[in-house]
Amino acid sequence: MIFKIEDVTVYFPYDNIYPEQYEYMVELKRALDAKGHCLLEMPTGTGKTIALLSLITSYRLSRPDSPIKLVYCTRTVHEMEKTLGELKLLHDYQVRHLGTQAKILALGLSSRKNLCVNTKVLAAENRDSVDAACRKRTASWVRALSTENPNVELCDFFENYEKAAENALLPPGVYTLEDLRAFGKNRGWCPYFLARHMIQFANVIVYSYQYLLDPKVAGFISKELQKESVVVFDEAHNIDNVCIEALSVSVRRVTLEGANRNLNKIRQEIDSSYYIIEIVQLVGRFKATDAGRLRAEYNRLVEGLALRGDLSGGDQWLANPALPHDILKEAVPGNIRRAEHFVHVLRRLLQYLGVRLDTENVEKESPVSFVSSLNSQAGIEQKTLKFCYDRLQSLMLTLEITDTDEFLPIQTVCDFATLVGTYARGFSIIIEPYDERMPHIPDPILQLSCHDASLAIKPVFDRFQSVVITSGTLSPIDLYPRLLNFTPVVSRSFKMSMTRDCICPMVLTRGSDQLPVSTKFDMRSDPGVVRNYGKLLVEMVSIVPDGVVCFFVSYSYMDGIIATWNETGILKEIMQQKLVFIETQDVVETTLALDNYRRACDCGRGAVFFSVARGKVAEGIDFDRHYGRLVVMYGVPFQYTLSKILRARLEYLHDTFQIKEGDFLTFDALRQAAQCVGRVIRSKADYGMMIFADKRYSRHDKRSKLPGWILSHLRDAHLNLSTDMAIHIAREFLRKMAQPYDKAGTMGRKTLLTQEDLEKMAETGVQDMAY
Amino acid sequence: MEKRVKYKSSVKDPGTLGSLELSEVMLLFVPNDPKSDLKLKVQTHNIKSQKYTKEGSNKPPWLNLTSKQGRCHIFEFENYPDMHACRDFITKALAKCEEEPNKLVVLTPAEQLSMAEFELRFKLLRENSELQKLHKQFVESKVLTEDEFWSTRKKLLGKDSIRKSKQQMGLKSMMVSGIKPSTDGRTNRVTFNLTSEIIFQMTEKDFWTKYFRAEYLYSTKNTAVAAAEAAEDEELAVFLKPDEILAQEARQKMRRGDPTLDMDADQGDDYTHLMDHGIQRDGTNDIIEPQNDQLKRSLLQDLNRHAAVVLEGRCIIDVQSEDTRIVAEALTRAKQVSKADGEITKDANQERLERMSRATEMEDLQAPQNFPLAPLSIKDPRDYFESQQGNILSEPRGAKASKRNVHEAYGLLKESILVIRMTGLSDPLIKPEVSFEVFSSLTRTISTAKNILGKNPQESFLDRLPKSTKDEVIHVGKLKDAMSNTYSLLDVSYGILLQIFFSECRVVVETYSIWSSVYGFRNIIPNVNQAMKQSVQSDLRHQVSLLVRPMQQALDAAFQHYESDLQRRTAKIT
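Sequence order for the protein chains is A and B. The first sequence begins at 1 in full-length UniProt numbering and counts up by one. The second sequence begins at 1 in full-length UniProt numbering and counts up by one.
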């Protein structure tokens with residue numbers, strides 16, 4: 001359908017639209033008009049993504065003189081694929097109605113591992129070895145060498161891409177990763193480099209959060225994006241955690257050992273460079289040698305880091321946008337300009353870190369005091385530290401090191417040094433001799449943990465015109481601007497207009513024996529609770545068709561409870577009704593389990609999926625339609641409150657933002673729970689039940705933190721249920737949902753708007769919307 | 001199998017040296033001394049029981065077979081392994097003998113009726129009085145044989161005997177760990193470890209012992225012991241090590257899987273997964289126990305793998321064999337086939353994309369696709385029927401041309417009657433396509449005819465038909481009108497069939513011109529029977545009557561309904 005929102009003609013690829021989608025677009029348009037940031041919470045299953053995409057692309061079409069660019073950030077690669085899928089649908093629709101002028105270039109961007117088409121490179125096990133294998137074939141010096149030595153292996157795809165030079169362009173269209181690979185294979189061009197190159201021309205870019213938030217990546221990928229861009233963070237309820245993770249580093253014993261080995265190797269390389277120059281001098285012939293390169297590097301460093309850009313086109317390393325701009329123009333401190341001096345500094349740093357790791361007690365320190373003690377004991381200045389990461393990258397480039405994956409430990413240490421040297425506040429250093437959950441295993445770790453989410457996201461807010469933060473769960477919505485330190489021009493939470501009560505949340509407080517159930521620390525290992533939890537599931541799987549999903553508070557808890565169920569025969573009872581699949585820490589296995597789970601639901605066998613709140617599955621996999629008719633949240637997914645890092649963060653939040661500890665913990669737990677149960681519904685035609693199985697959910701202070709769209713369906717009668725009552729309600733609900741219903745909504749409440757409805761509304765004003 | 005033995009007719013008999021030949025059907029003892037007439041043949045199915053001396057006792061290895069006739073045969077073997085081998089062989093042969101009689105029945109149900117089938121027939125007759133009547137009439141009066149009678153009613157005899165389900169066989173979701181040690185190795189779990197190399201290297205028994213030993217070691221979770229045992233025994237180590245075949249398969253499946261589920265792709269799209277990046281110990285990340293220990297396998301992994309195997313089902317093995325080796329080989333073959341299928345990724349890709357696009361669309365925001373069918377909701381069957389006729393009328397003329405006209409439909413029907421004449425009755429009396437064709441064309445003709453008749457009797461559609469057909473059509477129109485109330489396609493097609501029969505026999509049109517009355521029709525049928533007895537060849541007779549009878553019943557029901565309906569209507573009007 002095509003309709004107008006004020007002066008923008010919106011092209012929406014469906015015949016009908018939900019009223020909340022329309023409202024969402026209206027708000028979004030206001031934010032774009034005001035060129036400001038916005039915060040929008042809309043329930044899952046109301047078509048957020050398509051509403052957002054269709055407004056922004058339509059907005060672009062209505063302003064042909066100043067076209068905006070859309071940068072869409074997703075949490076995971078599969079969400080990226082899904083978003084591009086929806087964009088494809090939309091694009092087809094727009095091109096059908098507008099012709100070629102609506103054509104855009106949209107592409108997904110991912111790491112080499114997901115984009116490479118060279119089978120030899122792909123044979124590498126993980127991401128870093130793929131990266132290294134790629135560099136081994138594409139680095140400029142390798143290619144230069146190959147002109148002399150034909151035995152040097154290159155990548156044909158990259159060579160072809162380079163040969164095509166300016167002509168290597170993607171025709172307009174929407175490209176998922178799969179499409180990019182297919183295109184690359186077809187043309188013989190490297191899809192990874194092609195995609196990277198096309199970023200500057202693309203109208204829509206879809207990639208991971210990290211590409212904007214992580215300074216190590218953002219520098220070289222997102223550097224060239226214009227200010228007139230709209231940045232969208234989808235499923236952004238965890239954005240604060242992503243931000244602090246991006247700036248946190250830790251160092252272990254193995255890291256130090258690996259770093260030492262790396263330094264030895266670097267040292268060797270440097271020595272051999274000088275050795276070569278001696279031989280060359282002996283022979284008496286002049287040649288641009290390795291030593292010459294080192295000297296050239298020295299000169300460059302004198303001039304300052306900002307010139308690094310000229311270093312060598314394709315081989316740009318990671319830059320750090322977190323560094324203030326003036327530092328980039330500063331010259332690298334004299335004491336690390338020479339390669340061997342830099343290596344000495346790193347050696348001293350490693351030694352110091354090694355000593356610090358040898359502690360028997362937990363130590364907590366601020367970056368300032370850490371830097372000063374580092375200065376007094378190892379003689380390394382703060383400014384030196386700050387440049388470590390870039391100096392290392394420069395050195396590795398100069399030494400023409402391609403096995404980058406082998407040099408990860410030293411990179412980690414330098415990353416740590418740079419962060420600790422750059423930020424004086426918002427961080428703390430915590431040294432723990434062991435994990436307090438397993439005190440018998442010594443595993444010393446030095447962690448630099450970031451507490452302030454606003455640090456990582458600040459450059460994004462500063463650089464781009466509009467940043468949209470949106471998710472199904474952003475309650476309480478006023479907390480996010482404080483955590484991320486920005487002022488949104490629009491901040492709204494939308495309700496869901498229901499055609500029928502298609503979600504049925506319940507709070508289960510008691511088991512079938514009327515004893516309370518909870519995952520509270522003192523109760524979680526109680527056999528009665530475990531049994532009651534098991535019985536609940538046994539009963540449920542026998543009445544709920546197709547898919548059932550269960551979320552547990554942690555892996556270890558899930559592990560324990562499943563083992564107990566296995567021993568007591570509960571698991572067997574469950575398996576009589578449905579197949580059982582489980583999320584494990586192995587992603588490949590989990591992916592296969594999910595795939596099988598879906599197949600089991602498709603073929604009618606029915607299945608149960610056991611998963612973990614805060615896990616990978618909870619974050620990104622939908623259990624819509626028959627893939628999830630019931631989701632059970634076992635317990636309240638609180639964070640591990642004894643964790644030193646969490647303590648430090650809570651303290652910081654309290655001191656800086658006056659956010660109370662308990663409030664934050666509850667907020668965090670409940671947003672995770674809401675996220676888990678929200679996976680169950682995708683559209684209004686869908687339906688599903690949600691069981692919060694913990695007595696603590698019946699307390700008002702906990703429950704009230706759930707998003708409004710769940711709360712509005714949580715009836716008072718469903719707040720304090722036992723297993724048998726829940727079963728009864730579930731039966732009734734499923735029976736009700738099986739009845740035919742009117743999609744357009746009944747009793748004067750319109751839940752599905754047609755073109756005419758919208759036109760009518762445009763005349764009378766939005767306020768009259770009948771829901 | 002051949003073994004050297006001493007044969008003794010009793011315990012005290014010193015025995016005759018000779019060789020014992022074993023086959024599945026019988027045992028044959030041939031003495032070494034060709035002059036001796038002590039040749040012995042024992043049919044396997046005659047063996048009642050076997051006894052043998054225990055290893056370690058002082059007695060020599062004896063095997064004592066008791067036949068069903070009560071005779072004893074004692075064989076003394078040279079050593080114990082020989083004896084055990086023979087014993088096992090005989091046990092197997094005996095087991096087979098027991099199974100065979102059952103199998104016979106299943107394979108040739110036509111010749112030999114099982115008790116169950118008789119019971120089923122009996123039950124059907126008891127429950128269905130009409131059927132009983134028919135049965136009495138035809139079978140007991142020797143018009144039909146028992147088999148002929150039932151062969152036309154196969155449907156009633158349950159579907160299982162007719163068509164063998166091609167659906168995948170499901171597996172019970174029971175885990176191998178649930179099996180007690182005392183049971184043998186035939187479990188529900190098909191392990192992927194069954195590679196041909198392993199199987200050829202090991203004997204069956206060894207295989208399962210080792211497998212269960214490995215399982216046991218896993219279950220004890222004592223990795224030290226497991227490691228020690230694996231070091232000693234290479235073959236055992238195969239089971240204990242993480243499965244390379246599995247890993248390979250996993251990689252392959254990942255490539256074919258749904259990209260929207262591919263969480264592996266996420267790994268490596270950010271830096272937090274890297275060692276030492278991101279937050280390590282804030283409690284969100286669980287304690288990961290040292291993973292380098294290959295010999296440990298978690299229950300969770302087991303459960304996942306188990307469910308995957310169950311889901312895969314047993315369909316791939318259509319070998320009905322008890323021999324695990326054959327099963328294993330079939331499994332490997334089937335796997336290879338499916339792998340080869342996997343190579344043709346285009347189709348799979350297409351399907352993947354389709355699945356994705358289906359997942360991205362929002363179903364309730366758009367008009368339903370692909371399904372132009374209206375939901376069937378019949379409140380008043382008459383409305384339903386009439387609305388259908390209305391639809392046909394409103395169709396454009398061009399559309400009509402594409403459909404077969406009445407003549408063609410009749411032609412089809414006549415053809416199938418001819419076929420019936422030639423070959424006798426088959427299970428569906430008339431092919432469903434044909435009856436549908438006839439039915440729909442009739443519906444169309446009649447409604448058009450009625451409509452036109454009502455408006456303009458002079459230019460009736462009927463006039464354009466040959467006279468005989470016209471009569472039929474008029475009649476069928478009335479007939480079907482009545483039929484519509486029974487809203488049963490089957491009965492209507494019976495009616496039409498009958499109608500055709502009559503026209504075929506030229507009985508109806510010539511003899512009974514009083515067909516104008518619908519009510520009269522009922523009374524005609526007995527006469528028809530009579531007429532047929534005179535005019536129809538005798539070999540066709542029972543077939544016709546076979547048709548007429550259910551037809552008559554259907555008509556009775558229909559008329560009853562029609563009358564009551566008519567009464568109701570008139571009552572309404574008044």
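Please keep in mind that the hints were generated in silico from the structure rather than gathered at the bench. Among these hints, one or two may not hold up.
Said to hold, decoys possible - A few chain B residues that face chain A, going by a derived Cβ cut-off under 7 Å, partial list only:
no. : residue
1   : Arg126
2   : Leu299
3   : Leu300
As the list claims (entries may be wrong) - Beta-carbon label-pair distances, calculated as ranges:
no. : chain 1 : residue 1 : chain 2 : residue 2 : range
4   : A       : Gln514    : B       : Glu119    : 46 to 52 Å
5   : A       : Phe521    : B       : Lys54     : 57 to 63 Å
6   : B       : Glu249    : A       : Ser140    : 50 to 56 Å
7   : A       : Asn160    : B       : Glu249    : 53 to 59 Å
Ideal placement from N, C-alpha and C gives every residue a C-beta, glycine not left out.
Provide an ascending list of the numbers of those earlier hints which the structure does not satisfy. Numbers 1, 6, 7 - these are the hints that the structure violates, sorted from lowest upward.
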